[in-house]
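J.: These are the residues of each chain, in order.
Number of protein chains: 2
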Amino acid sequence: MSQEKQSHDAYASAGVDIAAAERLISRFADLARGTRRPEVIADVGPFSGLFRLGAYRDPVLVASTDSVGTKVKLAAVLGRYEGLGHDLVNHCVNDILTAGAEPLFFLDYIGGSGVTDEAKLALVGGVAAACREAGCALLGGETADMPGLYATGDFDLVGFVLGVVEREAVIDGSRIREGDVLLGLPSDGLHTNGYSLVRKVFDVGFDGDTEEERERLNRTYPGLDVSLGEALLASHRCYYRDLKPVLPQLRGIAHITGGGIPGNVPRVLPKGLGARIDKSAWETPPLFRLIQERGNIAEEEMYRTFNMGIGIVLAVAAADAEAVRSQLPGALVVGEVVRGKGVVWG
Amino acid sequence: MSQEKQSHDAYASAGVDIAAAERLISRFADLARGTRRPEVIADVGPFSGLFRLGAYRDPVLVASTDSVGTKVKLAAVLGRYEGLGHDLVNHCVNDILTAGAEPLFFLDYIGGSGVTDEAKLALVGGVAAACREAGCALLGGETADMPGLYATGDFDLVGFVLGVVEREAVIDGSRIREGDVLLGLPSDGLHTNGYSLVRKVFDVGFDGDTEEERERLNRTYPGLDVSLGEALLASHRCYYRDLKPVLPQLRGIAHITGGGIPGNVPRVLPKGLGARIDKSAWETPPLFRLIQERGNIAEEEMYRTFNMGIGIVLAVAAADAEAVRSQLPGALVVGEVVRGKGVVWG
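For the record, the sequence lines run as chains A and B. For the first sequence, the numbering used here puts the final residue at 447, and the numbers step up evenly by one. For the second sequence, the numbering used here puts the final residue at 447, and the numbers step up evenly by one.
Bound-form chain A, shown alone (with noise of 0.2 Å):
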């Protein structure tokens, strides 16, 4: 049977007969086990993860499930897939910190085919790297072998985060008015977004031969501190336990994900209201500025397409705004809210 699935729910007793399938597994329940909260049930639920909530006087449940992209691609052909773990686990956290939860737990799903042991250990090791580092659990995941769908080597990564907030605590966005600040935080790269674009810009990560994309990735460039690939592999920056001891203090929170900051900034405005936004406000890192060059690219393409260094918006009381910004290391003030609708730039 070429099709095996392999499941590492974190107390799960194999359902598979390979010996080594189950040393994997039991491998993977390991590095669960390593990010275990108390709320984690153990040694029940061979078909699901158990997390027992606790206390709450008006619990919300928070729920985002993402990909990391082709940015899978750029990875194989370094053979550096830890870090995939780490953007997976932090892009669905910051998506459920928008709402300001705490993350709780974390599934992962592995879909490909032949991919090795090794890298499969590398990856759940990752994501349980970044559950620890974020403080939720990794309550289950799925590994499943199709080589009739994916190439040799291919897979992609996908994952589900659950978060609680208190009901009065929810972050939606209704209480922003006019003249409140925007505050960004640096992002570390590109994060999850714009690496089809990439690939083509540096024709890597298409399947070729791989000894000349590494080399490519290999190369550095003036401004680049590291190589190619090792900046395109940096990974998505958690933004969680900096934003925690803050977040009743902020009014909206945009995650700066596909759309970049004109089409996700808005998302979280109330109708009416628009964000200005001070581009000079920020250094623009020289990654961006390397690929738009290299590419040609228009620059509202750029800013449409990549975070171009600001990971994450938070929206905050003009009179608040000091007081939160000096909490948050590297937070700048990059614009403000405005009647209208939308990004202007200025």
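Don't read these hints as lab results, they were simulated from the structure. Please note: incorrect hints may appear among the correct ones.
Identical chains share a label here; the pair holds if one copy fits it or two copies do between them.
Lysine to any residue pairs mimicking SDA-like chemistry, simulated, CA-CA at most 20 Å apart [claimed, not checked]:
1) Lys380 with Ala422
2) Lys372 with Arg268
3) Lys380 with Arg315
4) Lys345 with Arg426
5) Lys442 with Ala120
Given the structure of chain A, go ahead and fit chain B onto it with the hints provided.
T.: Quick look at chain B alone, frame taken from chain A:
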């Protein structure tokens, strides 16, 4: 930009600037709206889905993730997508049902390349319909178009379910005793396991000549009421509504997935106990006999790969067995709990 992610979080305002993508997202949102439960918090959370849990004494959250495996390849040959949505939801819902959980909400992920809008709508339509039937909300989802990763028209379909059960009502197998009766409920075909083997046996779903593959799937065989393709695409049956009224009387629930009865029933049994299963207690459906005969597959491999006609197995105290059985349409006594380990036939 060839990579395009389409969020269908129930209340997402689109971060995508292509009109067609926006129309698709709006139709995804309509489908999600049709599954809404009162706990879903509308018009909040463009980056995630929000669900107000409500009053529980000691809520345990139960989560699971799965994909439908290479069944997607057969569905693609026949252009029949909606059933896969049912497969995905029902598989996941059954997985958390094994702990006694009520499904609250679901999220789906479609990764693929060149999947038509019609196919995507059929997939999400099937997911939404199955969510409605199980009473759970479709809280969000993600569609990622990744031409470098999937061959044109190919896709993977992944789901996440979140359910809840009171701590005292968690079904964990710990109350199972020697002499307990094992009841089986009929499956509807193969559910979502064994498709890689089936594809080999009938030489379908290998990106060969699709017209020839379609002809092979449209054949009828003695004993089958419908064409081979119809029989193979029958949807994974959901057991939640049937089992809900009898959950307090169930001591253990095994979902018969990959590994079949011998791979799954022992997973819920306490140490020192095994299952004696009487294969003659039910008639193996003709589809399984056809696969066995055409593929010249050993009896043991059949029972290790397929559900063989039983989709879920319940452990019940002998004194309750008849009362439980009589409330479950199609339920049969298939065996009993014995000293030992694993499954013994007879």
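J.: Flag every earlier hint the structure violates by its number, smallest first.
T.: Hints 2, 3 contradicted; others consistent.
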